[in-house]
Amino acid sequence: MKHRWAMAIDLDRCTGCGACVVACSAENNIPVVGEEEAAKGRLMHWIRVNRYWEEDSPSARAVYLPVPCMHCERAPCEIVCPVYATYHNEDGLNAMVYNRCIGTRYCANNCPYSVRVFNWYDYKWEKPLDEQLSPDLSVRSRGVMEKCSFCVQRIRRVKDKAAEEGRKIRDGEVQPACVQTCPPGALVFGDLEDPDSEISRMFRDPRRFRLFEHLGTEPHVVYLKRRKGAGV
Amino acid sequence: MLDRRNFLKLGGATAFAALFGGCDKIPKKIIPFVIPPENHTLGEALWYASECRQCPAGCGIVVRVSEGRAKKIEGNPLHPVNRGKLCARGQAALQSLYHPERLARPFALTGPRGSGRFREISWEEALSLLLGEMKKIRGKAPTPLLMLTEPMRGHRNLVAARFMRAFGSPDRVAWDPFGQDAFLAANEAVFGVRDVPEIDIARTRYLLSFSGDFLETWGSPVHYARAYGAMRQDRATVRGKFVHLGPRLSMTAASADLFLPIAPGTDGVAALGIAHVLVKEKLTAQAIGASALWNEGLKEFTPEVVAKKTGASPRVLAYVAREFAGNQPGLAMAGNGAAGCTNGTFNLACVALLNVLAGNAGMPGGLSFPNRVAAFTRYGAEAGLLAPPPESGYPAVRGAVGKMRSGGFRMALLSGSTNPAFTLPAALKFREALLAVPFIVSFASFLDETSFLSDLVLPVPTFLEDWGDDIAPAGHSGEAVTLSQPVVNAFHDTRSMADILLAAAKELGGEMRRALPWESFRECLEEAYRGTGKPWEDALREGGFFSLAPGPSRATARASGPALPKVAEASFEGEAAKYPLVFHVYPSTSHYDGRGANLPWLQELPDPVSTAVWRNWVEISPGTAKELGLSDGDGVIVASPSGSLEAFVSLHPGVAPGVAAMPLGQGHSHYGKDARDRGGNPFSILPAREESVARGPAWQSTRVSLTRAKIGGRLVRTAHPEGQWKIGNVM
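Respectively, the protein sequence lines represent chains A and B.
Numbering follows my numbering, in which position 221 of the first sequence is assigned residue number 221; successive positions increment by one, without gaps.
Positions in the second sequence are counted from 1; adding 232 to them yields my numbering.
Derived from the structure by calculation, the hints contain no laboratory data.
Every residue, glycine too, gets a C-beta built ideally from N, C-alpha and C.
Take the hints with a grain of salt, since some may be wrong.
With a straight-line Cα cutoff of 35 Å, these simulated DSBU-like cross-link-like pairs (lysine-lysine) come out [unchecked claim]: (1) B:Lys738 / A:Lys40; (2) B:Lys905 / A:Lys124; (3) B:Lys942 / B:Lys367; (4) A:Lys40 / A:Lys124; (5) B:Lys942 / A:Lys228; (6) B:Lys540 / A:Lys161.
Between beta-carbon pairs, the in silico distance windows are [said to hold, decoys possible]: (7) A:Lys127 / B:Gly865: 13 to 23 Å; (8) B:Pro596 / A:Tyr98: 32 to 42 Å; (9) B:Ser354 / A:Ser138: 50 to 60 Å; (10) A:Met1 / B:Asp864: 30 to 40 Å; (11) A:Met1 / B:Ser354: 28 to 38 Å; (12) A:Phe212 / B:Arg349: 54 to 64 Å; (13) B:Asp864 / A:Phe212: 48 to 58 Å; (14) A:Ser138 / B:Ser779: 48 to 58 Å; (15) A:Met1 / B:Ala468: 24 to 34 Å; (16) A:Ile102 / B:Pro332: 32 to 42 Å.
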């Protein structure tokens, strides 16, 4: 069964609330770095919500842009990894093998979207906060690069279940943590191989654009432009 | 992961699991292979339904539990309030369950009050201390017992209220810093119903928001955010338009198509300006028949007059009025910023008036007043205890503070995450008054500013380990009662406040025992919902009763039609010469009233507007900064007539001129190492003033000055103030 997982982010719905960021932290064992490290730009979030100001005071407008890993079809990070720690899997995901990573950080350097984060330390979960850690994926150690995996553990879980029940995966059955929680429903996830899926429909939306489209990375995350109502 | 369809399917498998909610006896380290619990397969997660209590909205949740440990919280797809969705605060609640600084044992004070010297005691000792003190004051007239809690709903509230009544004390106070007093009063004046309406954002075509923060903290944010998404993109041919007026471009305002900065406290006047155009140009059927309003004084509020007061352009106001009338159904709503001024009820009544003039009441895409108490009519006069109106309780708090100071109380029972020693204005001197009470008992999970002052601290379960029931104040039309159950075994040796009160009542005997006849709170709940037609186990599995027959919506039209609200101007403490800026405060999107500040996930979640983490800041517009000679990142002292604090300046292009804005929630002096020393507490420099009609707290009622000062550290923001990318290049 072939899949091509993709995400669409409707900026006309996104309110910038940050629920996706915390949901992702809870799902993916993402460490908390503290104020000092945050000041050095070392937040470990796999998804961030960028805020831009459009125009100047007083008619300023804020625009929110949630940025997970784009899971590029032609990923600039993959070709520079000397140890094949970051690779393209059979579903079109840009995946990481933590055990291979030797921490050159070439991939982060080559990522135009700055979505890769590096474990500068062995981050600690003060006991008993570690009780919350998800058993579905590892806690990464120092010197290892990490990033959004489209919640590959959730994809696997659904795949196993569908295989067990001898059926196809239903549209909307796989939902990464960010998509699941998004209150206004701005994030949509699905399989592009299924032409009738919600995600395929959104990929055909005329509002569609990709981040840094001119770089030719062919991201699997598309954005739908925020529409402007009739202004004054 | 868990969609509605799947959830229903899963239901069968987890029925048994849900039934045994809190009973998995799994030791901390070892998973027993030999005799595993009946419902447990190694490596297979179970989902338990419950309710989130991170804010008063009452969203349903399902919690993924692996090997007896809670791993992830998600929204309950069946729950009418949030339909599977959850906000950042709800997601982060797991960290309070497994927080390193959670209270695991009862503590008794050994040093002087406020010294923080406590010793661990056993539950036996703690309960005998509690009962000993209770017996001492029992039967005294008037009964010198105070109970000050967060607002409670459902049977938790019933137990607390019956306990106090049987004890003979009238002093049961529930404190909510963001209670909706002004909203209730305005709805009573305009619609004749003292309640929170159901707001149908999803089907509206035009949303007019006055200082609203409904997408972040006001009312039921997840419910409204979900509806907001639907309003924008769920309909094939209609995209609802959203216009926001207010003193600050909040996260909510950032989603608006049009943001109009107006001076603080002028929301009501702005609404009247729009109403003026509606009536003058006879834009709606209701406006044509509103000549009485016109003659009562609406004719004075021409867009020009309004523009002078608010700072918005008259042309734009008239345009918005015409658009609002031309795109029905439309909605006008107001939030904390408008309600928290000294003229809050006036502001909200004017906004409600817009809904009347546009004919929105009772319409799809408008607002309606369902009868949410209908589910509890079998309780007769006590029904109101199960679904109390979302008031702040401020007048009662002020009364209690006075009585504490004059020695009227011998004992105080404190509970809840609203943390009065932190969230009450310092000018009220709550701390000093509380210290005059000889014996203070706190039911708490953490040592916050309030429980720190107690003589006896009793550790309670977090909501993930507790039983309960609830009816959400908004987001459904009365058809839903939520149940909460322990999703994991109690992680520490804790007892819930309801259970302790029941145990105390049993010990005290007599009338108290008759009022509270149950052995445990769980028994009380099971008994209450027996005979509702749906088996208790099924209800627990689904998270509650979601298909009750809703009571009929209440009529909204007053016979005489609404009168023009009595015009009131917002007043601000401090002279403009000494304190040049009006102080606008808003609940933090991460920490709400401060309860989220001890959770690392929320501290590290960048604020949506300033993108700051781990610290407090004060926002001013670039123009104001220029006048004051300040620049981005400067340390300043924010001084009001009631106090001062230190903060970093964050330039914000969407703040009205002459306004300084600051989020509430940071600035703890206790409450754990993640919450402590994160800047000043803005509550502490607010005056102890009331809103003029409904008597709720008037948070937006002071002026401040900013003076440059050298303060340690710096404000960490994830976005460079210049923007790391230009938005134009990205698209």
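Outcome of the hint check:
Restraint check for Lys738 (chain B) and Lys40 (chain A): the C-alpha separation of about 58 Å exceeds 35 Å, so the hint is violated. Taking the CA atoms of Lys905 (chain B) and Lys124 (chain A), the gap is near 16 Å; set against the 35 Å cutoff, the hint holds. As the CA atoms of Lys942 (chain B) and Lys367 (chain B) are separated by approximately 54 Å, the hinted pair breaks the 35 Å bound. Among the hinted pairs, Lys40 (chain A) with Lys124 (chain A) is consistent with the structure: their alpha-carbon atoms are about 18 Å apart, no more than 35 Å.
Taking the CA atoms of Lys942 (chain B) and Lys228 (chain A), the gap is about 43 Å. The hint is violated against a cut of 35 Å. Simply put, Lys540 (chain B) and Lys161 (chain A) have alpha-carbon atoms about 64 Å apart, too far for the 35 Å limit, and the pair is violated. Hint check: Lys127 (chain A) to Gly865 (chain B), Cβ distance near 36 Å, so the stated range 13 to 23 Å is violated. About 52 Å separates the C-beta atoms of Pro596 (chain B) and Tyr98 (chain A), a value inconsistent with the hinted range of 32 to 42 Å.
Separated by about 41 Å at the C-beta atoms, Ser354 (chain B) and Ser138 (chain A) break the suggested range of 50 to 60 Å. Evaluation of the 30 to 40 Å hint for Met1 (chain A) and Asp864 (chain B) yields a failure: the beta carbon distance comes to about 53 Å. A hinted range of 28 to 38 Å for the beta carbons of Met1 (chain A) and Ser354 (chain B) is inconsistent with their spacing of about 59 Å. Distance hint check: the CB atoms of Phe212 (chain A) and Arg349 (chain B) are about 58 Å apart, consistent with the given range 54 to 64 Å.
Checking the proposed 48 to 58 Å range against Asp864 (chain B) and Phe212 (chain A) shows it is violated: the Cβ atoms sit about 27 Å from each other. A hinted range of 48 to 58 Å is violated for the C-beta pair Ser138 (chain A) and Ser779 (chain B), which are about 43 Å apart. A C-beta distance of roughly 32 Å is found between Met1 (chain A) and Ala468 (chain B), which places it inside the suggested range of 24 to 34 Å. Between Ile102 (chain A) and Pro332 (chain B) the Cβ separation comes to about 33 Å, which falls inside the hinted range of 32 to 42 Å.
Figure legend: structure checked against the earlier numbered hints; hints not met, in rising order: 1, 3, 5, 6, 7, 8, 9, 10, 11, 13 and 14.
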